[in-house]
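Could you put together the complete structure from these sequences and hints?
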Amino acid sequence: MPIDILMPALSPTMEEGTLSKWLKSEGDTISAGDVIAEIETDKATMEVEAVDEGVLGKVLVPEGSEHVKVNTVIAVILGEGEDASALNAASAAAAPPAPAPAPAAAQAPAAPPVQTAPGAAPQAPAPADAEVPDGTPMADLTVREALRDAMAEEMRRDPDVFVMGEEVAEYQGAYKITQGMLDEFGPRRVIDTPITEHGFTGMAVGAAMTGLKPIVEFMTFNFAMQAIDHIINSAAKTLYMSGGQMGCSIVFRGANGAAARVAAQHSQDYAAWYSQIPGLRVVVPWSAADAKGLLKAAIRDPNPVIFLENEILYGHTFPVPQVEDWVVPIGRAKVVRTGDAATIVSFGIGMTYAMKAADALAQDGIQAEVIDLRTIRPMDIDTVVQSVKKTGRVISVEEGWPQSGVGAEIGMRVTELAFDWLDAPPVRVCGKDVPMPYAANLEKLALPNVDEVVAAVKSTLYL
Amino acid sequence: MAQSPKAGTRKSAAKKSDARSRANGPAPLSRDEETEAYRMMLLIRRFEEKAGQMYGMGLIGGFCHLYIGQEAVVTGVQLAMREGDQVITSYRDHGHMLACGMEARGVMAELTGRQGGYSKGKGGSMHMFSAEKAFFGGHGIVGAQVSLGTGLAFANRYRDDGKVSLTYFGDGASNQGQVYESFNMAKLWNLPVVYVIENNKYGMGTSINRSSSTTDLSQRGASFGIPGEQVDGMDVRAVKEAAERAIEHARSGKGPYILEMLTYRYRGHSMSDPAKYRSKEEVQKMRQEHDPIEQVKARLLAEHSVSEDELKGIDKKIREIVADAADFAQIDPEPDVSELWTDVLR
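Protein sequence lines correspond, in order, to chains A and B. Numbered by my numbering, the letters in the first sequence go through residues 1 to 463 in order. Numbered by my numbering, the letters in the second sequence go through residues 1 to 346 in order.
Treat the hints with care, since some could be wrong.
[To be verified] Derived SDA-like pairs (lysine to any residue); straight-line CA-CA distance at most 20 Å:
id	chain 1	residue 1	chain 2	residue 2
1	B	Lys133	A	Glu166
2	B	Lys187	A	Glu166
3	B	Lys133	A	Gly211
4	B	Lys133	A	Gly244
Worth flagging that the hints you see were computed from the coordinates, not collected in a lab.
Structure (C-alpha cells):
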C-alpha cells in the first residue's frame, strides 16, 4: 500500500501552516530521515523528515500552499514494487485542500480543545464601542501582530523602553511576538537573555528603578515562577517601601495559561496569583484591539504591570482600530455583548467560552450579557455590578483553578455590592481543581467548556 | 576561628599581578582622607551602637542588623567612588546609607518608624532608599540586590553615562543562584558593576566553612571570566586601593570585578542573635588586633601628627550628630494614618 505523508503539527497549538518548499520531487528515492519539505508555521520554518522509505509517488499539495491543515495528506510514498497505479486508491481519499480563508475555524484533530472559531465575530449585536468612534477604519490583525505593533510603537515613542527575554531578538521571539523588532531597534533595545529568569528579571527591575522602562518577556509565565520573588518583593513593593521615592515602571508579559497538550508544568493561569498583590496591575486581554491598546497603556504606566497573554489567542484575528495612537485604559471592563437574562464575566481566553455560550443561549432565547474584565487588578467591579443589577445573575468563566480564583473574587464582590439584586447565587465556571493532565481527553475535561457555561447560566435561571 | 583576615591584599591567581608590590602594604592615604575615613567609620560605629541601645529600649522594632566591625569596607569603597555611582546592598545597610551621605536623622527616624524617616516610616531598617544619593536599598531578601545591582549597571550601560554600580552582598548571599545568573550576564555584556562581597565569616549562625564548598569567594566569578581579589576589609587603605582598581576596571568598559572584603561583624547577625556559634575570644581578638577605627586612629596620631585633642573634637561632633538623630527619631511623629494607603501605586 502506498504510504500517506501527512501535514505535521509542529507545535502544540499549530492548526495549519504553509508548505513552503518541497526538497524532493516525484520519482525521488526517499530514505527515513531525509528532509523532504519545509513547512512554515506562524512561529518558525521547520523541516519535515521522512519516516518511511520508498519513492515519492505523488505530491498532493504543491509548494507555496498556505493554510494547509494539520493531518492533510501532502504526498504519497510508493513502497517497493508499487507504481503510480497504486496511487488512485490512496489519493482518492485525499483531495487537495482548498486554501482556507484566514482566519478559519480549524477542526483538525490536533487542534486545542477550544471549541470556538478563532476570531469569530459575535453573532448577536455587540453594543457600540464607546472607545471607537463610528467610521473608524479597522484592520484585521492577529493578537500576535497587535502585541508587536504596540511594543514597536512605544519603543519609537520613548527611548527608555526596551524589551528583553529569551529568544526575543535573533530568533524573533519564541512565539514570534517580537518579530522584526531586532531589525528596527537593534540589539541595544531588543535583548536576548540567557535562560535565567530569576537573574534577568531582577536585572530588569534594577534598571527600572533608575527610570528605564523594561518590557520583560517570559517565554511563558510558568517560567516566571523562578522570578516571582523579584516581581513581588522587588518590583511591586519598592514604591511603598521607599515612601514613594523609587518606583518601577516595568511590564512583565508573555504567554499564560494552558496551551495545548503541554501538561501540568506548562499549563497554568496566573491571573489570580498576581491579582492578590498590592503594587501590581494585572491585565489579561482577549481581543487584538485590547491586546494592542492595553499593552501600550501598560508600557506607559509608571507601575509594574503583569500582562498575561495566551498562546492559543496569539493566532486569533480581530478588527483593530487604525488610529494614530490606540491606547486602552487599564482598569476598565467592557460589555462585549448586551443582554438582560444573566451576566457572564470573563477575561482572556475565557471569553471564547463565554461568547460561544452566549450564542448558544441565544438559540434558546436567553440573552446573556457578556463582560470582558480585561484588567483583573484593579478590577472594574462597577461595570459588573451595574450589569448584575439588571440581570440578577452572575456567572464567572476562567481557565484558572476555583479556590481563591478570579471567580471567587467576583462572586464575593457582587455579593457584597449587589446582594439584594441577586436572584441566584453567583456561579463560577473554571478549570478543574487538578494539575493539567496530558492525555487529550483528560485535558479537555480539566478545562472549562461551552456546555458548562451554558449549564451554569441556565442553573442561575433555574432552567 | 574560621578564617582570619589576611594582611594586605592578595590578588587573584587568575589575574596578572598588579604593578604595585603588595609587600609594602596598601598605598597610604592623605591626612584628609584618613581623617574623613576616621570620621565616617566613627559615625557608623556610634550610630550603630545607639541603634542597638534604642532597639533594647523597644524604640526600634523588627529586625535590626548592625554593621559594627565592618565600617572600613563601605568607607574605603566610598573614597574610591565618583558622584553618581550607585550603591545597593542587603539589609545590613545603615552604614552604607551614612557613607552615601544620607542624613543620620532620616536613617534613625526610619528605624523608629517615624514620618521623617527616609521611607516615611514604611520601610524600616531593611528597606531604605535615597534617589538623591543614588542609594538603591536596603533589600531584605538575601541575594536579591545582586540581580538588582546588576540591573543598575545595565541601565548605566544602556545610557552610556559612565556610572558604576557598587553591589554589596555577604558571604551568605554568595551561595544564592541568582548571584551566578547575574555574574554571567554582567560579564556577557561587560556591565559596569563592582561586586563587593563582605565576607564576615558567618551567614547568620553558619560559618562559611560549614556553608560553602569553596571559601575563597573572590574566585566565585572565575568561571565567568570575572577577575576578583581578596582584600583586608579591616584596613580602609587596602579597601580604597582595591576599590579604585575595581571601579576603574568597570568604568573603562572591561566589565564586572569582584572584591572579597575579609571583614568581621562584632555583633550578632541581628539584635536577636546571641551569637553562640563563635567564641568570645574570637571576637575579642578581632576587636583588639584588627579594629578598623583603631588602625586609622593610630596612623592619624603617629603618621599625620593629628593631636588627641583634634580626635576628641571629631568624637564629640559625631556623638552630637548621633544624639541629635536619636532625639529626632523619638520626637518625630509616627506617619499619618493616611500614609497606610499612599505609595502603593503611582
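Here is how each hint holds up against the structure:
no.: 1; hint: Lys133/B <-> Glu166/A; result: 34 Å, violated
no.: 2; hint: Lys187/B <-> Glu166/A; result: 18 Å, holds
no.: 3; hint: Lys133/B <-> Gly211/A; result: 15 Å, holds
no.: 4; hint: Lys133/B <-> Gly244/A; result: 15 Å, holds
In the structure shown, a violation is registered for the earlier hint numbered 1 alone.
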